[in-house]
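Chains A and B, in that order, give the protein sequences. Residue numbering for the first sequence follows the working numbering, beginning at 1 and increasing consecutively. Residue numbering for the second sequence follows the working numbering, beginning at 1 and increasing consecutively.
In short, the hints are calculated from the structure, not lab data. Every value quoted in this text rests on a predicted model; they were computed, and no experiment measured them. Heads up, some of the hints might be wrong.
To be verified - Pairwise CB distance ranges, derived in the manner of DEER restraints:
hint, chain 1, residue 1, chain 2, residue 2, range
1, B, S198, A, Y27, 40 to 46 Å
2, A, D216, B, F20, 53 to 59 Å
3, A, P346, B, S189, 55 to 61 Å
4, B, I19, A, D362, 44 to 50 Å
5, B, Q129, A, V225, 35 to 41 Å
As the list claims (entries may be wrong) - Pairs of lysine-lysine residues, derived as DSS-like cross-links and limited to a Cα-Cα distance of at most 27 Å, are as follows:
hint, chain 1, residue 1, chain 2, residue 2
6, B, K137, A, K335
7, B, K30, B, K180
8, B, K30, B, K50
9, B, K137, B, K180
10, A, K335, A, K394
11, A, K234, B, K113
Here a beta-carbon is modelled for each residue, glycine too, at the ideal position from N, C-alpha and C.
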Amino acid sequence: MNPEPRRLRREPDGALIAGVCSGLGRYLDIDRDLIRIAVVVLTLLTSGLAALAYGFAWIVMPVSESPPAQVEEMRPAKRRDSWAVGVGAGLVALGLLFILREAGVWWSDALVWPLVIAAAGAALLWRQFTGSWKPGRTGRRNPAAYRIGFGVALVLGAALLFLYINGALNAGGDAALAAVTVIVVATLVLAPLWLRLGRRLADERAERIRSEERADVAAHLHDSVLQTLAMMQKRSDNPREVSTLARLQERELREWLSGKTGAERQASLGATLETVAAEVEEYHGVPVEAVTVGDRPLDERGLAMAGATREALVNAVRYAGEDGPIRMFAEITPKSAQVFVRDRGPGFDLEGVPDDRRGVRDSIIGRMERNGGRAEVRSEAGEGTEVELTMEMK
Amino acid sequence: MSDTAHNPTRVLIVDDHAIFRAGLKAELEKGVEVVGEAAGVTEAVLLIGKLKPDVILLDVHMPDGGGVGVIRRTTELETVDGYSPCFLALSVSDAPEDVVQVVRAGARGYVTKTISGPDLIEAIERVRQGDAVFSPKLAGFVLDAFAKGPGSGPVDPELDLLTPREQEVLRLIARGYLYKEIALRLKISVKTVESHVSAVLRKLQLSTRHELSRWAAERNLVDYD
């Protein structure tokens, strides 16, 4: 099943404490619970040495990077092994206490059983509360509820036993000890619950954000794409209008997807030129393919250049709009900017343009020259026209 | 060229949109032979192995790996009989990351889906003959990516810089010139134009310039003060 070579690694995902037994079990291909029991038994037999070995293994064993197939085994709803976990935690606690006793750190044997029982109960509780919990499964017959109840009972029982042993239950017993015990019990029982609640709140918030985003997308698609599609169906007898609508919608959708606002786009020369091309296309219903290379902030010269570009595009649309897309290419460097507007129309003779036609002379050539740039118009009959705008930038 | 006149170029269309495939097929059948259609990566890889088409028109965006996935998996499967397919990427996307990924994976060209039928047929023929095809958009992108002076790290002039001639050719492509118009304007042969474009394609595929992957991020953040 597992094509990778087996390596001895800790598996925190299947861990009771640190995943040492889990990793060892995978490595030896033995059920990890058997390994766990063996470790606990060994701990008891060796007066705690095996537990020390466990700690050592925890430190030296590397963590498994990809817990293979662990997800399935660990499905929290099917907590068949929850009981084993509880018992295991109790046994581990017992083992640790033995070590402490052997090591000479010891108060009284009376502590042993309350602590072991409390550890088992707490482990049971934590396991119920901190796994991923399916809210829909909180039915009356939910086995998790039994386990929680049992966990609480264990912790409470441990507390009572502890108090009983210490005589705090008698009248005039140690009230302070009783108070501390109550606090400890409350913490053990409520902490996982509280953790659980926090996590669920975070989940709900994430879910709410997701659904808001979905609603946002749906609203946008409805306002734009669906409306445009409806318009296109109505106008299906007019291919030119349909293609204009489609391009308009395409551009709008792209802008929306890129997440750039209009203000951001306006701040640079490249974006301004692209906007100009888009506006001409939109207004006249002729495709304009714009390519820009490089960029710089927009200044007065840039604005003049954009104005001349718009005029060149409008001219191209007017005289060559039927002959395929108009192309705009802008190359912007820190020192200069160049714009080419090219069409595949019939071409024209610049000398033959009457003086009263202000388009080319004033709005393109004149405007560029007034701002320290220059414009060149190349046109040959049958070969289309190309307007070249050049501006040195400060 | 004479063999293409007798055996029409065999084309496989790979796109996950059925409507688009149908429209494309109708347009292409005027000039080439569409031998098959695939709606996904796995189907495409199977059909390429079975039909051995000359040119594969590849949508960039598809589930399960997209155009890049098809190229990678086909190259892995490459057989001993010397069949090596030519890929032409076709996409609605202008996003440079997507385009560059497919070209770097091995596509010999990139055109946008708005390309006209005759232009696309010409592009297919060109790719079949082993030449490169750049849309004006891609030419602009390559110019932009290579424009910045050598950044940090070692620069291999063979791969990381464009020659002035290559830049000129790319500029003319971006301005909407056809290969034969470029040849006329630069007073070189169409073959020379093709070899310049192929050289640029090679650089685009092999250069390690970080601009090629970070282009989009930088595009609107450049500050010239």
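Comparing the hints with the structure gives:
1. B:S198 <-> A:Y27: 40 to 46 Å: 54 Å, violated
2. A:D216 <-> B:F20: 53 to 59 Å: 27 Å, violated
3. A:P346 <-> B:S189: 55 to 61 Å: 28 Å, violated
4. B:I19 <-> A:D362: 44 to 50 Å: Roughly 47 Å apart at Cβ, these two residues keep to the hinted range, so it holds.
5. B:Q129 <-> A:V225: 35 to 41 Å: Given about 40 Å between the Cβ atoms, the range holds.
6. B:K137 <-> A:K335: 23 Å, holds
7. B:K30 <-> B:K180: 22 Å, holds
8. B:K30 <-> B:K50: 24 Å, holds
9. B:K137 <-> B:K180: Within the cut-off at roughly 19 Å; holds.
10. A:K335 <-> A:K394: 7 Å, holds
11. A:K234 <-> B:K113: Status holds; Cα separation ~24 Å.
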